[in-house]
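K.L.:
Listed below, chain by chain, are the residues.
There are 2 protein chains.
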Amino acid sequence: MQRDHGGDLDRARAKRGGDDWIDLSTGINRVPYPVPALAPEAWTALPTANARDRLLQAAARAYRTQAPMVALAGAQAAIQMLPLVLGEAGRTVRILSPTYNEHAACFSTAGFTVEPVDDPAALVGASIAIVVNPNNPDGRLIPPADLLALRKQVGLLVVDESFADPLPDLSLAPHAGEPGLVVLRSFGKFFGLAGVRLGFALGDAAIIARLTAMAGPWPVAGPALEIGAAALGDAAWAQATTERLSQEVPRIDAMAQAYGWALAGGTHLFRLYETPDAAAAQEHLADHRIWSRIFPWSPRLIRLGLPGMECEWLRLAAALER
Amino acid sequence: MQRDHGGDLDRARAKRGGDDWIDLSTGINRVPYPVPALAPEAWTALPTANARDRLLQAAARAYRTQAPMVALAGAQAAIQMLPLVLGEAGRTVRILSPTYNEHAACFSTAGFTVEPVDDPAALVGASIAIVVNPNNPDGRLIPPADLLALRKQVGLLVVDESFADPLPDLSLAPHAGEPGLVVLRSFGKFFGLAGVRLGFALGDAAIIARLTAMAGPWPVAGPALEIGAAALGDAAWAQATTERLSQEVPRIDAMAQAYGWALAGGTHLFRLYETPDAAAAQEHLADHRIWSRIFPWSPRLIRLGLPGMECEWLRLAAALER
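Those protein sequences? They're chains A and B, same order as listed.
Residue 17 is where the first sequence starts when you use this note's numbering, and the numbers rise one by one after that.
Residue 17 is where the second sequence starts when you use this note's numbering, and the numbers rise one by one after that.
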């Protein structure tokens, strides 16, 4: 069940050596939220219900929702658990594709039939429909109104909003809480703290209750509860980060386009470019110790996360100099 | 699916107030392994395969095993996942009881029939047999030779060694790797870092492979991988801690016995006492802002973890003064 993922910098480093790699193979913000000083109890004690509730309150405010919600060890944990709590293997799941490959893999492993579709209209009538919004890797956006209409035309609509933080008006979280809709949120990407392992599922009360039961009493580490509550409660940081990313997206696009790559999509956290030869483009960047993401299903697409510190931007600019 | 657990200090504190509580309601070492300085990447990057492998190598040395092993977010995560990967709900599980209540709860939730038995001999012939060794809460020890014999008389033997760190000769980990045996280890209890969420399952290759697949690519947080590798690699700390606990067990037993409680069992990390009235005993300690564990299935038993700093020992001594 090995799927390819970004973040596999170890392999690139092992093959080519060097220790000053810039990992742009993921959509993880490279200017992370500063980890606050942690109470010793965050490490030593079993995570408490109070700490969990503080996190959930901060998440509810940040995501503008009053829907039932569960905190899990990453959006990935929610993706892994959803097929298990939905039970009834053998049912069909339609996934708007191409997209993050764990959705199909986890449903398939759990015994569901997975039908990739490339048109949102083809989701109508599905028993379970999955949409990543904005989509990874192409950044396709589906308006919330369309998804709210779709919700009534499918058995269950799952919207993975792992990259939605800079676009709060895109989110269905404020509209969640009725049956038939589950929204997934990632903490680690926008806040640049993927090692923390934190994410959320919210929406349909019965499904959230089943996820909560399956997750057990301590699904999230004590430090993650504290860091998550602090970061999700810091609206000023989120706004400043969104503004920074909004200014930097044109900067990386201009570099790539000047190098001859065509913009194929993206979000505030990663950009997708069409190149004559994605593998060669990845090799070229790797010669500059910059790691990128290419896809087994496309010979021409390459995805880059945004650099962080100015020195990283300069390294990328040098690599993309003609 | 709310089960009672230790570590619920929030509730005691909310009811009685005060913020200088000593939590002896768990078996978590109150003199924790010092959390080392962490590389920033432990927080920011997706946990890497290299970091996971360093942890597994340290765990293999500490547990003296070469068996297939998977790192999970706590022994609790292994307990939750085992019924799911064993599949075939409807089968019967025999659990040597009374013991940690999550084993029965998780198998029962997954659709298995749970048969508690109070005699190890009654496990013979079981499809799945579960033993906690040393047992929680009574500290009962089953010799490894007996369990190795039992392994051949059951379909699958699961040995939860969450409290075995101070008794390395008790562990079946060095004998694991053949089919039909799975050993669970907890990191947070002996090392006093329960908030980290780290544990291990090792043994039967097919079952460990299924747990690994179900756990997904990033089941353990980046800081947990680093802290676990450092702590499990520190044999001197483990030895010093075992010696300290060995000296402190008679100290707490003497206090309790002088107070009129009878020793009913225990391990290096917690002690079980028989009292005239467990609820009254818990209330009495709570009046001194010391939190303890009592059990819904026993009106007379109370469990205490060992105090940590000397001031905590003096507080307990004062509470148990006649």
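In case anyone wonders, no lab produced these hints; they're calculated from the structure.
Idealized CB from N, CA, C, for every residue including glycine.
Among the clues, some could well be false.
Claimed, not checked - Just a sample of chain B residues kept apart from chain A, beta carbon distances all over 10 Å, derived: (1) P56; (2) A65; (3) N66; (4) D135; (5) V140; (6) P190; (7) V212; (8) A229; (9) M230; (10) G232; (11) Y275; (12) A280.
Unchecked claim - Computed, partial: chain A to chain B, Cβ under 8 Å: (13) P233; (14) A240; (15) S262; (16) P266.
K.L.:
State for each hint whether it applies.
P.N.:
Verification of the supplied hints:
| no. | hint | verdict |
| --- | --- | --- |
| 1 | P56 | violated, 8 Å |
| 2 | A65 | violated, 6 Å |
| 3 | N66 | violated, 5 Å |
| 4 | D135 | holds, 29 Å |
| 5 | V140 | holds, 30 Å |
| 6 | P190 | holds, 29 Å |
| 7 | V212 | violated, 6 Å |
| 8 | A229 | violated, 5 Å |
| 9 | M230 | violated, 7 Å |
| 10 | G232 | violated, 5 Å |
| 11 | Y275 | holds, 26 Å |
| 12 | A280 | holds, 24 Å |
| 13 | P233 | holds, 6 Å |
| 14 | A240 | holds, 7 Å |
| 15 | S262 | violated, 21 Å |
| 16 | P266 | violated, 25 Å |
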